[in-house]
Amino acid sequence: MLAAAVLAPLLSVGVGSAAPAGAAGASAGAGASAGETLYRSGLLSSGEPVEASREAGAALRGRDAACANCHRRSGLGSSEGRITIPPIAGPYLFTPRGKSLETLGVPYVDSARINHEAYTVESLTRAIREGTGANGRALNYLMPRYRLDDAAMQSLIAYLRAMDVTPSPGVTATTLHFATIITPDADAVKRRGVLAVIEQYFVDKNNAAARTKAPTLYSSHATMFRVARRWQLHVWELSGPPAGWNEQLRARLAAEPVFAVISGLGGSNWAPVQNFCEQQHLPCLFPNVEAPAGDDADFYTVYFSRGVLLEAQLIARELAESADRPRRIVQVFRAGDVGEAAARVLASAPGDSAPPVVDRVLKKRRGSAADLTAALSDVRPTDAVVLWLRADDLRALDAVTPRASRVWISGAMGGLEQAPVPPAWRTSVHLAYPVDLPGQRVVRVDYALSWFRLRRIPVLAEQVQADTYLACGLVSETLNHMVDAFIRDYLIERIEMALDHRVMTGYYPRLSLAPGQRFASKGGYIVRFTDAQGARVAPLGEWTTP
Amino acid sequence: MTATRSTRRLATLGAAALAGAAALSVAWASVISRATVTYQVPEIRLVRQDGRAVSLPHELDDGRPVLLNFIFTTCSSICPLASRTFEEFQSKLGPDAARVHLMSISIDPEQDTPARLSEYAQKFHAGAGWQYYTGTVDASIAAQRAFDVYRGEKMSHTAVTLMRAAPGKRWLRIEGFVTPDELVGELRKLLESP
Chain Y
1 MLAAAVLAPL LSVGVGSAAP AGAAGASAGA GASAGETLYR SGLLSSGEPV
51 EASREAGAAL RGRDAACANC HRRSGLGSSE GRITIPPIAG PYLFTPRGKS
101 LETLGVPYVD SARINHEAYT VESLTRAIRE GTGANGRALN YLMPRYRLDD
151 AAMQSLIAYL RAMDVTPSPG VTATTLHFAT IITPDADAVK RRGVLAVIEQ
201 YFVDKNNAAA RTKAPTLYSS HATMFRVARR WQLHVWELSG PPAGWNEQLR
251 ARLAAEPVFA VISGLGGSNW APVQNFCEQQ HLPCLFPNVE APAGDDADFY
301 TVYFSRGVLL EAQLIARELA ESADRPRRIV QVFRAGDVGE AAARVLASAP
351 GDSAPPVVDR VLKKRRGSAA DLTAALSDVR PTDAVVLWLR ADDLRALDAV
401 TPRASRVWIS GAMGGLEQAP VPPAWRTSVH LAYPVDLPGQ RVVRVDYALS
451 WFRLRRIPVL AEQVQADTYL ACGLVSETLN HMVDAFIRDY LIERIEMALD
501 HRVMTGYYPR LSLAPGQRFA SKGGYIVRFT DAQGARVAPL GEWTTP
Chain W
1001 MTATRSTRRL ATLGAAALAG AAALSVAWAS VISRATVTYQ VPEIRLVRQD
1051 GRAVSLPHEL DDGRPVLLNF IFTTCSSICP LASRTFEEFQ SKLGPDAARV
1101 HLMSISIDPE QDTPARLSEY AQKFHAGAGW QYYTGTVDAS IAAQRAFDVY
1151 RGEKMSHTAV TLMRAAPGKR WLRIEGFVTP DELVGELRKL LESP
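Residue numbers (this note's numbering), protein chains in the order written: chain Y, 1 to 546; chain W, 1001 to 1194.
Hints should not be assumed to be uniformly reliable.
Stretch-level coverage of chain W by chain Y, calculated; a stretch enters the list once three of its residues show a Cβ under 8 Å from a Cβ in chain Y [claimed, not checked]:
1) 1047-1059
2) 1063-1076
3) 1085-1092
4) 1154-1168
For the record, the hints were derived by calculation from the structure and aren't laboratory data.
Because the structure is a prediction, the values reported are computed rather than measured.
Glycine residues also receive a C-beta, built at the ideal position from the N, C-alpha and C atoms.
Whole structure, please, built from the sequences with the hints as guidance.
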């Protein structure tokens, strides 16, 4: 709010029509939406793609020419190699050289260097059409020259002018508010594990901040102080059927505005939460979800992994590459569990000569041997069996004779190498393994485990707890880089950039995101048990990205 | 290894801007620098966009002049420009296009599966002479190291185009945003030189 007030006089600099500054956003309403479409998608109000060109270079149009590709959705710019793409949200364009953005309440971003005269509508128009900057010099070759008529130009400039660089909801002068979301279908033990980690992380974070005395600053960079905000966690536990979750989430967000959602825990249906975050433009960072909703085209939810959906692709790939084509693929899953979604992915996996897929749905109580026996009664040695089952059902396999020569089991559902696969099944079982191998991840995971040990956090579900700790660490690290630019879209963009640098990646060999990438770890292994008992596994090939 | 080095398109630059790193964001892209370099490319197994496993040195040494760059398909700023430049370059060669081998190697190989690379190739109307490559993370890094373009992570990459007239010849390394016309000119010069 402070920033808006300070900026108000600034926003009218160079505006011919000099609309009252307070109304800039509102009056830009209709125009700005045309501007927004142009900015984000490269489409004109007619629906035609915008056309642009580069000096001596090839033409580009439409989505390829959208401003957001480089300047990003936030308008705060980015960097790639040695190229710095400057922020173009209003204040960064219309602030004159020498004015300190900081005293104007405009957040600091790495790529901001106000080494130009303040843009006016005229000079900005020239920049966009002809590639000449406010200082009269040619802009970077990367910046296209746009063919825009006056109306389109006006709508684009209005959009840039109205771009909000004030802190997002959930950010106050002293506190950053975060939520973590837990759905009622989530596993009760994992829930306790996740909450124990995230609650302790917030306590630690605030203790560390309290212990760190503000250093004596010889620089005028007051921004340095602004990062020392308290972190406050709001646990949003949903109840009832999924149809009611959106309403509950809206009510929680209205009552407790938060900057972002960190971690959390889902069961078999995360789609309502995913949709809510997209609708509200609310970052949802690394929720513990075995069957993620949404895809790479979404913006606000990022996941560590595709979980069981990735496992289905890994299994499909191994099947496709096998010289010995099975007669059928018999998939077994429990109604209402995530195996159902995974089974759908496997069944729809492309393949010219893919064998027919048969689904067997378990409906009795978990761990019922009779249920499993019935589901597998007609299996022959030439069939392939895929079991999307949890530990109690896997244990019950002890009473079932393995008939198929090849069996795949979901590691994510079964408990990775701890999956209680009975000895008789072990020789034929291939385990989908969407994380790094035990021996290779031990050092990285130990980092989290020693943190738990020191704080007396019980290890109830190692992977979700390590992932929760990793999520908190990633957000904390990213926020340090953001200094005081607490803007939700920018948070997502910075997470995308920060992830590649991360060395401590917990269960995953590496993490990487980019615009249009929403799953940070892309691959997995297929492993087998080496012994009739115990948890030793050996990979059946390399880390594969299906 | 560098035999010649020259910098062109200086007309748009002040001398001070060239010296000052602070001016990079404005001035850098209008500069291209050229260097003639010898690279030793070890055996590296890659996967082409058609799904076939191939050897990098083998692909490079098929006898044709070769142009090489490094891209990733979700890169939204530098790579689309590099790819458009290759596209335009191919179209400028016209019927001769397939006589020059264009190679684009992904620096984000886990994301860039052969299927995604095919889609990307289609978007840039890649003709018969233009192939895309992926592989394991280690293989991609090895390929980047072989041509001294590895910068640690994908967002640190820079615009580099490599060009060679024939197997056994030296490489021309072009840094910066080269235009399609310049590429045609450079190739012609390379082919004419003994």
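Violated constraints from the hint list, given by number and in increasing order: Number 1 - this is the single hint that the structure violates.
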